[in-house]
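Protein chains: 2
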Amino acid sequence: MSVRLQIEATRGSARTGKLITPHGEVETPVFMPVGTLGSVKGVSQDVLEELGVEILLANTYHLFLRPGVETVRKMGGLHRFMSWDRAILTDSGGFQVFSLTDLRKVSDEGVAFRSHLDGSPHFLSPEKAMEVQIGLGADIIMAFDECTEYPADGQRAQHKREVPWGGSALRRRPCGSGATPRLDGAEPRPHAQSLFGIVQGGTDRELRRESADRTIDIGFPGYAIGGLSVGEPRELTRDIVESTLEHLPSDQPRYLMGVGTPEEIAYYAQSGIDMMDCVLPTRAARHGLLFTSEGKLSIKQARYAQDESALDPACDCRVCQRYSRAYLRHLYAANELLAQVLNTVHNLHYYLATMRTVRTWIRAGRAPATGVPRM
Amino acid sequence: MSVRLQIEATRGSARTGKLITPHGEVETPVFMPVGTLGSVKGVSQDVLEELGVEILLANTYHLFLRPGVETVRKMGGLHRFMSWDRAILTDSGGFQVFSLTDLRKVSDEGVAFRSHLDGSPHFLSPEKAMEVQIGLGADIIMAFDECTEYPADGQRAQHKREVPWGGSALRRRPCGSGATPRLDGAEPRPHAQSLFGIVQGGTDRELRRESADRTIDIGFPGYAIGGLSVGEPRELTRDIVESTLEHLPSDQPRYLMGVGTPEEIAYYAQSGIDMMDCVLPTRAARHGLLFTSEGKLSIKQARYAQDESALDPACDCRVCQRYSRAYLRHLYAANELLAQVLNTVHNLHYYLATMRTVRTWIRAGRAPATGVPRM
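For the protein sequence lines, the chains are G and C, in the order given. Heads up: the first sequence begins at -4 in the numbering used here, then just goes up one per residue. Heads up: the second sequence begins at -4 in the numbering used here, then just goes up one per residue.
It is possible that part of the hints are untrue.
Heads up, the list lumps identical chains together, so a pair's fine if it works in one copy or across two of them.
Stated by the list, open to error - Computed cross-link-like contacts, DSS-like style, restricted to lysine-lysine with a CA-CA straight-line distance of at most 30 Å:
(1) 295 - 69
(2) 123 - 69
(3) 100 - 123
(4) 69 - 291
Think of the hints as simulated: they come from the structure by calculation, not from any bench. This one's a predicted model, so the numbers in the text were calculated from it and none came from an experiment.
Can you build the whole structure from these sequences, using the hints too?
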């Protein structure tokens, strides 16, 4: 049984619901923080739980190189390896591999590439990308990008049961009460990985429609929109997302990959997207760029050196509750590790709070009012 | 009124007690983690509270350069600036300034030096070191090293009441229940900074005796032993510490500066030292060197790549309770921020647990048994 979306409220094409996974339920629409190497940089798993993170994204390409899929598999899969008992989604590695423009060679069989770390040669094919993702054992895995024709046939579906955590989500040692997978009803929890298809087609509406049709023909438990938010005008992204959404099944999860700013995640959640991910909140945090209810704030600026106010006076995260802008600015200017830790916690909280607000609106059937990022 | 030591149990020259400070009580013997720039690198203040840290050391030299004493003073002093409502001790800056061998010039008035950051010229004298430490507002401040003859006269004692937090330890915003200063009895809490004298004299027992006598003649609420653990043989350190201890008042706090390994802090606590500090647990952690009940462990080693056991199976810190050596090794090898965070939390816990064990022994009047670092 695959992950499934239990829709709870709708408003236009937008909806709230629960994504039922082998590792607990995920309230949707959801923003998924990125834990590239099995860690959201600087933030421990108990803090992620406290923030209310219910699903993380990890990068297959990076984990493939370090520590390697065999290590993760032997350690019981990514959940157990990183001691994270909630849901995980892995990308296919395709995006990163195709980005290695000087280090890769594409053929019909797959992509030969060299590691960005040490130049060692590797090969990723659709089959290999699946094998690696099965070894990592995420709840949701992604088809190898640019390969939506990948045959998710019966044989492959059997392999999905070879995940390291087998038929149950056992844990090595206790994680605190917050980590317990939650299931409301008596319905059984899914016991296998779920492979999502990816709709490509660039910025051509017709190609997107065709890709959507062919991906749906194969049949997946969820569909992603890939290849957007890569530099094209924002209005064009919006247009392509909305036209593609019309071709996707309304009763299955819809995942917009690599998006985006607080304004964008709020907007697309209201357009009917259920899942999004982006490195922006975590990466920006490490560069001192913070998202607040009053807009973006660059904490490195000297104007904050003696500013006693909270980073975001409207925010109830533990950073804003405890520390002043002056202290955060000092930590950043002095290159203190804690700057990156605290900035990341705040930005993640801001993103998750944004999605909570959007879910409340959709449930209430109200149009977005104040206090929300507008696109 | 100065900080005072309330001795509770003794065993030979060793004792347990409570150091009563304007910002709460500190169980002694105590190990003080180092928060050089007003932050224990990578560890947020709430985690320090959870670890049971009751007093932190901060470095005057570093804070003098960044963010500068005027900023800290305007922000209400170091406690409020860093949102830390427990006790703080600042060093005088002397050790760092005298270490800048190529960048400083010593005269009778003080030390002219250039910042290690940008080469900007500065000057520290005994008077200036006091002025800076008063601006920072730590509970315990230190005499400018090599200047034990500094006249802590009546006029200077008045200045001690000019600390930014004034006569009470007010906080800007709540910090969680753990942060509340604790006082048992009805005795009033000290309301001023306390200046500790420092006994110098290198490795010459007679010079140490003379320095101790002259420092005691001036009269301080506490005495530090400085200038040791700087490369001399360990046996010599022990000899000098123990002979110096004989000359210090038994009813006042005795602080051994810059010490040491887990074995050393356990040993000196049993020799009658009440306070110690060292960058070792935090600095070693950032380099992957971890202290465990089974000895030192270098987590970077490939032998831990698939080691599912806890870092220290005998440790109840939240790192050992949750993560495997394999995961910690991966984080370190992949240069993940979280490696430094988690390693630091574990090492600090190990140091604090070591001191808790030693205190228990002293109270019980028992000789050290198993499970403790031996020197």
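Which constraints among the numbered hints does this structure fail? Numbers only, ascending. none
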